[in-house]
Amino acid sequence: MSLLIQHDSDAAALRRGTRRFLFIAALATLALIVAIVVRQGMFRQVTSYSFVTDSAQDIAKGQAVRIAGFRVGAVSDVSLKDDGQVVVIMEIDADNMRFVTHDARVELRKEGLVGSPTLEIVPGPDKTRLAAAQARLVFSRADGLSALANQVRDEFVPILRDIKLITGALADPQKGLPGTLAQVRASSEALNALLANGSRQVDGIGRAATKVLGKAEEDLSQLGSTLAAANQRLPALIDRTQQVVDHVEKITAEAETSLPPTLRDGSAVTADVREIVSGAKQAWPIRNLVDAPAPARLKMDSDLRGEAGRAR
Amino acid sequence: MRVNPLFIAALLLAGCAGSPNSANAPANPPRLKAALEAESDGARRYGRGDYAAAARRFDEAARIHASIDDTTGAARNRLHLARSELAQGRAEAALLTLERASGDAGTALDALLLKAQAQLALDRHPAAQQSLAAAHGQCAGACPQAASLHLLQARTALAAKRAPDALAQAEAALKLLQDQDEAAETGNAWRLIAAARLAAGDAVNALPAARAALEIDRRLALPEKIARDWLLIGDIRSGVGAGDTAAAYRRALEVANAAGLDDLARLAKAALAVHDAVPQRGTP
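As given, the protein sequences belong to chains A and B, one line each in that order.
All the letters of the first sequence, read from the start, carry residue numbers 939 to 1250 under our numbering.
All the letters of the second sequence, read from the start, carry residue numbers 7 to 290 under our numbering.
Source of the hints: derived by calculation from the structure; they are not laboratory data.
Quantities reported herein were computed from a predicted structural model and do not represent experimental measurements.
Keep in mind that a hint or two might mislead.
What the hints assert, rightly or not - Heads up, incomplete: computed chain B residues facing chain A, CB under 7 Å, no partners named:
#1 N34
#2 L42
#3 E45
#4 L102
#5 R106
#6 A152
#7 S154
#8 L157
#9 L158
#10 A201
#11 L238
Glycine included, each C-beta is placed from N, C-alpha and C at the ideal position.
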């Protein structure tokens, strides 16, 4: 009896545990579903914009829409209209509507030259007005690799055409490179003849110039010796000239200050010349040659003017 | 003019023979040497007859001597200066100069003789006699200036119309001047003898004396004295009645004009005018 009772209590406990486990699992599953829904933006507020294009190439549903490189939404629908145009609808988070101006445009760009394409909303210059919800924006495609190839082709075709013309002209036997080379050859022959003639003339001139230069060298040698001699004598001459100039200045100064004008011309100059001579006499070694004169003795003359001979 | 290099070399060698800074070599101080050179230069100019320049140099020498307290040198150069001034006819200036030169015993006699000359030139005969008397007192016996003293006394006597006395003094001087190298004084003596003889009425014997004086003055090349000699000869010829009196006066005029002696030229012209105005004996 007691064994049955014990079995019943265990079974009851197992049932309670099972119920608790099922309840918790249900709660976890519900929370997971809520999280997935929130994550998927089921409860997010969005705004739709659209644009029209000729082709749906590189555009797909769920494609990211970016503003300044940040993902702000995605393509929600791509549909073909009756007229063959493609309508593309984008959903943008309401929080990012402030970046979409009324003149904004949508560009299809590629990440790098060959990366995946993305849609980029580029705001317009007028920041004062925002685009209304459901507004249709202008669409453009950025140049891809094929566009670049076409552009290069367009640039290269004229160049290749010009190269063809140039090569054709160069190949012309009369006006082209062969004719020009023939003319150059003829000109070079004439130039050689001219140079040969000039060389002969220069050779003649050179011999004459050599003679002239030889003579000039002799003259310069003589001039050099003359200048050397003059250089030896010039300092003494300059010194003497300077002394004379100094004395002349002294004479002039003294004449201006001390002598009456009537005596300036003669007596002052004479006095200073005498002073010069006296100074020279006192200079060695001339002073050894010149003795001081003895006191002068004038001859007696009791009738200096001859007045005694005749009554005046 | 080319200078012989050997001469220059010899000059330099001679100059180098002495030490540049020889302290033992006897040498005059620079200022004394300058004074002596000025005096020597003045003497040379005086000898050439450039009395004005000579006077400047003597004056310079006298000032330099005075600046070094050399009274003898200063007095000597003042006498030279007075003589130069007398030669220029500036007797008053000469007297002033002589007053500054007095006081030196060595030159006192010369100063008195020059003073007498200046006084005679100014016709101050009594003063000249006093000066000569004082000079005679200092010239005891035979002093070197005795001949000059006699000549000045002769001039004084002649000015006082004492012709015989003048002739005696002049002849005494001439006697003292014999064999002496005093040509100027000898000429002065002959001139005084001629003038004294003329004044005494002995014109005939006066003419050789005047010609003797003229010869000496010509040899000394003294224009003023030559001109005066010709005037004296003219006077003598006029006194003896010779026919070539005017020629003598004209020679005097020519010499005076050539030498720029205006006073003498005027005297010669006046003599010519008097001679032409007076009827000549024996001439048309």
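Going through the hints against the structure:
no., hint, verdict
1, N34, "holds, 4 Å"
2, L42, "holds, 5 Å"
3, E45, "holds, 5 Å"
4, L102, "violated, 17 Å"
5, R106, "violated, 18 Å"
6, A152, "violated, 10 Å"
7, S154, "holds, 4 Å"
8, L157, "holds, 4 Å"
9, L158, "holds, 5 Å"
10, A201, "holds, 5 Å"
11, L238, "holds, 4 Å"
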